[in-house]
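Colleague: Residue strings, one per chain:
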Amino acid sequence: MRSPEPTTLPELVAEAQRVLAICNACRYCEGYCPVFPALQRRLEFPAADVHYLANLCHNCGSCLYACQYAPPHEFHVDFPRLLAQVRARTWADYAWPGFLARAFASGGLAASLATAAGLVLVLLAAILASDASALTKAWTDSQGAFYAALPHGAMVAVFAPVFAFALLALGIGVARFWTRLGERGADLVSAPAAAPALGDALSLRHLDGGGEGCTWPDDRPSFARRTFHHLTFYGFVLCFAATATATIYHYALGRHAPYPFWSPPVLLGTAGGLGLVAGPLGLAWLKRRRDPQLADPAQRGMEAGLLALLFLSGATGLGLLALRESAAMGAMLVAHLGVVLALFATMPYGKFVHGFYRLAALARYHLERRRPAASVAPD
Amino acid sequence: MLTEPGRTWDVLVLGGGNAALCAAIAAREAGASVLMLECAPPVYRGGNSRHTRNMRTMHDGPLEVLTDAYPEEEYWQDLLKVTGGLTDERLARMTIRGTASHVPWMKRHGVRFQAPLGGTLHLSRTNAFFLGGGKALVNAYYRAAAALGVSIAYDTEVVDLAFEGPRLAAVTVEHGGERRALRARAVVVAAGGFESNLEWLREAWGPPAENFIVRGTPYNRGRVLKLLLAAGARPVSDATQGHCVAIDARSPRYDGGIVTRVDAVSLGIVVNRDAQRFYDEGEDFWPKRYAIWGRLVAAQPGQIGYALIDAKAMGRFMPPVFPPERAPSLRELAGKLGLDPDALEATVARFNAAVRPGTFDHTVQDDCRTEGLEPPKTHWARALDTPPYYAYPLRPGITFTYLGVAVDEKARMQLDNGKPAANVWAAGEIMAGNILGKGYLAGIGLAIGTTFGRIAGEEAAAHALA
Ligand SMILES: Cc1cc2nc3c(=O)[nH]c(=O)nc-3n(C[C@H](O)[C@H](O)[C@H](O)COP(=O)(O)OP(=O)(O)OC[C@H]3O[C@@H](n4cnc5c(N)ncnc54)[C@H](O)[C@@H]3O)c2cc1C
Ligand code: SF4
Ligand code: SF4
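Protein chains in written order, with my numbering: chain H, 1 to 379; chain R, 380 to 845.
Please keep in mind that the hints were generated in silico from the structure rather than gathered at the bench. Note that the structure is a prediction, hence the values are computed from the model and not measured. We treat Cβ as the ideally placed atom computed from N, Cα and C, and that holds for glycine. Treat the hints with care, as some may be off.
[To be verified] Across the chosen pairs, the derived CB separations fall in these ranges: (1) H:Glu212 to R:Ala549: 36 to 44 Å; (2) H:Glu44 to R:Lys486: 33 to 41 Å; (3) R:Pro631 to H:Pro10: 21 to 29 Å; (4) R:Trp484 to H:Pro97: 57 to 65 Å; (5) H:Glu212 to R:Pro720: 54 to 62 Å; (6) H:Ala271 to R:Asp447: 45 to 53 Å; (7) R:Asp447 to H:Glu212: 24 to 32 Å; (8) R:Glu557 to H:Trp285: 37 to 45 Å; (9) H:Arg41 to R:Thr551: 47 to 55 Å; (10) H:Arg220 to R:Ala722: 52 to 60 Å; (11) H:Glu44 to R:Arg735: 32 to 40 Å; (12) H:Arg220 to R:Pro631: 24 to 32 Å; (13) H:Arg220 to R:Tyr533: 14 to 22 Å; (14) H:Glu212 to R:Pro666: 29 to 37 Å.
Using the sequences and the hints given, assemble the complete structure.
Modeller: Printed below as a string of structure tokens:
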């Protein structure tokens, strides 16, 4: 029944269609996550719907351990891994521009770190070209610390285009995915779809394995993964908020960095930085212990790459705060900005995209729930 | 575990499914040292229990995942009806009452429940569904047992029992090609029926057994049951009784589980190898008739049937795992199935001509029926006239057998000489025949196993520690 070892997206979709037919006849896992109620609405699984279901899954493993047809059973229902494989390939498939999608497959860790290193070098070169001495001197807060070393305008000039491009690329990818599902663009951002989807995503509601937590990294349910993901995500959000507040301070209030420790930008940044250090460390630690049966080995690099960049963003940010009045500040600043820039540059072509596709899949899920389902049984 | 010669365990539990796990946990919690013997390897542990989904549970008011009420009396009447009185009222009522206390006990040992969604809502009042199904239940129990300090030996088959009078003195197991005798003060037998022993099925059913498919574990070969009966245990029910349903003929020989069921029967007609109908397909709602079609198909030549529907019915039943045969005409469909096309056309023409006009409604016992046809179709009869036509081949799928050992209300095994065994208790399929002489009620397998498993464990521990 099963094709030898499916690897391409069409092969994986075909294999998923075989397995989905088994799950749809079985339905034992319907209480674990939205994937099952969503698949139970269907009798057939066109490729786009397989892409959708794959992005609705967050690889918690519950349905693997509960499956009486898991390998070595001849039905070979290897659902979490299969959906993970489909998922990653959909990201590459929908990515824009297409040629950059290769980054997904090319051992993400090396790619991300190389990008970070490259960007650090470029930044360094740019700054050295203008005024090298500023970077290696100690500046007091009253002298303007960071901006004494690197003027605000220069930072914006480097970051804005990269950030804008990342957003554009992500947006195009998700829009392609959404259109392929046959949904109208307006529905994605409509309240009945977007609001509950955002609620699910922000609370990681479905990372609960139906009550006791994900069976992750092994068959014992626990909330460790949700906790570390929250630390990571909210760490990221807080850092983002710190930057945004600082921008408002800078432009709207005319108050220029560095800000005192008790100021909102610094407090937000510190809390966020701590989250970005602890969260990715925890996730990496869990991933190391993850049951190999759950994982798509091809994604290990990509996952490690994102965790490394997030961790380094947090660590260098905290370092910068600690060293901001010392002579090492300049080097730290360059490292921090380089890593953050790498994070944004690789964002549309790495594991980071999972959040956006998942959000769209959840929006689809909530849209669908409002539509009548095919009734297949005399209940 | 197995390599502690001379050790005498308080309680040995034979088997590794739901009944065995309940017994092992209960015995260990009562303070006994416990060794479980499971002949399957870890990946296939849990017998038929790993294929289950719910437990029929009495309750006097809405209870978490259970709607409304399902009182003892109604449960008992349901059981009485399906068994046609072939049951032991005392043991049956004990089982029924037992279920009321099981849900909290099960939760305490890690089992999680869920409200049923699509496809199973008709059971939301009577049956408590396990989150993730039976394998999740079995996993939770194995975790709980290990945490309590129950020792578990996998790949360990019980191959001999040495009785000294009414006392089971030693249990011989085979593990890694070696035999060892184990001793215990008390023994719980929970090693299932003999449903995966094709030779024994052939003995009971004759040649038709060749065409039976075993829905569950290949490990329930009835070895322990046979040894007990040979040693003088009092048998209950008989070897031809069991739970047998019609499943897709393309299912694997063993372990196909729930997905191989075909729910299309009541929406169309069923013919045999000769393209003849043989039973009222619309007698009652499918879930209520599910359990009789195994025997019906078993009685047909070659033990095969074909459920036929037309385009009107497609998509109106739980999707089966295997795709149907499909053809634009009945003749072509007959060709694909290897049936006589003329005979099939004639059967369908006779059926179509007998269909009386009515208002089709699959959610009630509607007034769409045949007239002047033998056998009739009494509900949901609609002419097969809209191509394409679809067919699912059917074979008898055996779930579990009822021949077992007699027990009393303490789960203690009874001997043929009218006396109880000195130190043997029984739970699960191996004694289900006490309560199920014939017929089946969805979700009662686990009700029996959990009730008698818990009691057997407690009683065995009390005996061992006394
Ligand atoms: C597909 C399917 C679906 C079902 N669904 C339900 C349901 O939803 N609800 C319900 O109540 N019932 C259901 N049943 C019936 C239910 O599975 C049984 O009634 C129940 O699981 C029996 O439990 P048990 O512990 O007695 O047997 P099992 O769970 O079968 O356990 C028997 C154990 O004994 C072991 N064993 C056998 N021989 C030996 C030996 N010689 N030495 C050592 N170990 C041995 C086996 O490996 C196995 O671990 C279903 C059955 C099937 C096949
Ligand atoms: S993963 Fe396995 S147990 Fe779960 S629904 Fe699918 S087939 Fe059933
Ligand atoms: S791995 Fe978890 S999230 Fe994915 S389908 Fe299975 S139960 Fe759902």
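Colleague: Taking the hints in turn, state whether each one holds.
Modeller: Now the hints, each set against the structure:
no.	hint	result
1	H:Glu212 to R:Ala549: 36 to 44 Å	holds (41 Å)
2	H:Glu44 to R:Lys486: 33 to 41 Å	holds (38 Å)
3	R:Pro631 to H:Pro10: 21 to 29 Å	holds (27 Å)
4	R:Trp484 to H:Pro97: 57 to 65 Å	holds (59 Å)
5	H:Glu212 to R:Pro720: 54 to 62 Å	holds (56 Å)
6	H:Ala271 to R:Asp447: 45 to 53 Å	holds (50 Å)
7	R:Asp447 to H:Glu212: 24 to 32 Å	holds (27 Å)
8	R:Glu557 to H:Trp285: 37 to 45 Å	holds (41 Å)
9	H:Arg41 to R:Thr551: 47 to 55 Å	holds (53 Å)
10	H:Arg220 to R:Ala722: 52 to 60 Å	holds (58 Å)
11	H:Glu44 to R:Arg735: 32 to 40 Å	holds (34 Å)
12	H:Arg220 to R:Pro631: 24 to 32 Å	holds (30 Å)
13	H:Arg220 to R:Tyr533: 14 to 22 Å	holds (19 Å)
14	H:Glu212 to R:Pro666: 29 to 37 Å	holds (30 Å)
The structure shown violates none of the earlier numbered hints.
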